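Q: The primary structure of each chain is shown beneath.
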Amino acid sequence: MTDVFVAAALALLLTMTAGLARVVFGPTPADRMMGVQLLGTTGIAVLLLLGLGFAVPALADVALIFALLAAVSVTALTRRRVGQDRS
Amino acid sequence: MQTLLQALSLFLIGAGVFFFAVGTLGLIRLPDLFSRLHALTKADNLGLGLVIAGLLPWVADPWTALKLVLIWVLVMVSGATGSHLIAKRALRGDGEDLLE
Amino acid sequence: MSAGLLLIFDLVLVVTLIGLAIAALVSPDVRRAVMLFIAFGLWLALVWARLRAPDVALAEAAIGAGLGGALMLAAARRAARQEAVDGQTDARGEEG
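Chains as they are written, first to last, in my numbering: chain A, 298 to 384; chain B, 2 to 101; chain C, 119 to 214.
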């Protein structure tokens, strides 16, 4: 099964690389943020697969931090509008 | 039994990878922001859920399995909230976001 | 474990990491650079995870990408607003 996990992680890594195109060329900041969000979610899947493939259970904690990070960065981006409205 | 479990896990992980691939394709190919958002949330929720479901039989103890499920729930909550924030910002925005 | 798969994995990781770093450095738009930096941090955390260093990956994801990215987004926003205010006061010719 270990090979299956690593192979699935590799496939997900390739989709992440493709999704980076939206972050690099995305026309608007919201598009880039969506690209980062997809990157984070796919990264969680890759980390969990690697954690089982390499037998490093602590990688699940890193995946937890990734899940937190997506929320924080989206909030940091969208907070912008409210701040400008207020001032 | 073991073979059946392996086949099921293989199928679930494969389906999860498929959903991630389709979501990424949608994020790259779809024409405007809202349809891209739609593609993104599909990949977020379903793809990660399927991959985690495929991983569940192989984790060591029930607590780790609970942690994995918790990660999925957290991603669903934060993904839904983030999508709402992005869509609301794009809808309310004075065009700065859509024209830039 | 098949070494070929891991070799491809490492190659994809390293090439994309360097590409992301270059893209973030040469980006003229500040917000674009910050988002590329966040993506770079995520990717670097994946590299640490691949090297079986989960604690370093944890620190990189939490501080490098999460906290640093959020702070830099806020800083970019303030800088843009300050620039807009300065431009207005310059046009009107008053101190602001």
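Mixed in with the good hints there might be a few duds.
[Stated by the list, open to error] Covered stretches of chain A, going by a simulated chain C footprint (3 or more residues, C-beta under 8 Å):
1. 354-361
2. 369-375
[To be verified] Beyond 10 Å from chain A on every Cβ pair, some chain B residues (computed):
3. Leu5
4. Pro63
5. Leu75
If you are wondering where the hints come from, they were derived from the structure by calculation, not from laboratory data. Keep in mind that this is a model prediction, so the values were computed, not measured. Ideal Cβ placement from N, Cα and C applies to all residues, glycine included.
Q: Name the hints, by number, that the structure is in violation of.
A: Those not satisfied come down to hint 5.
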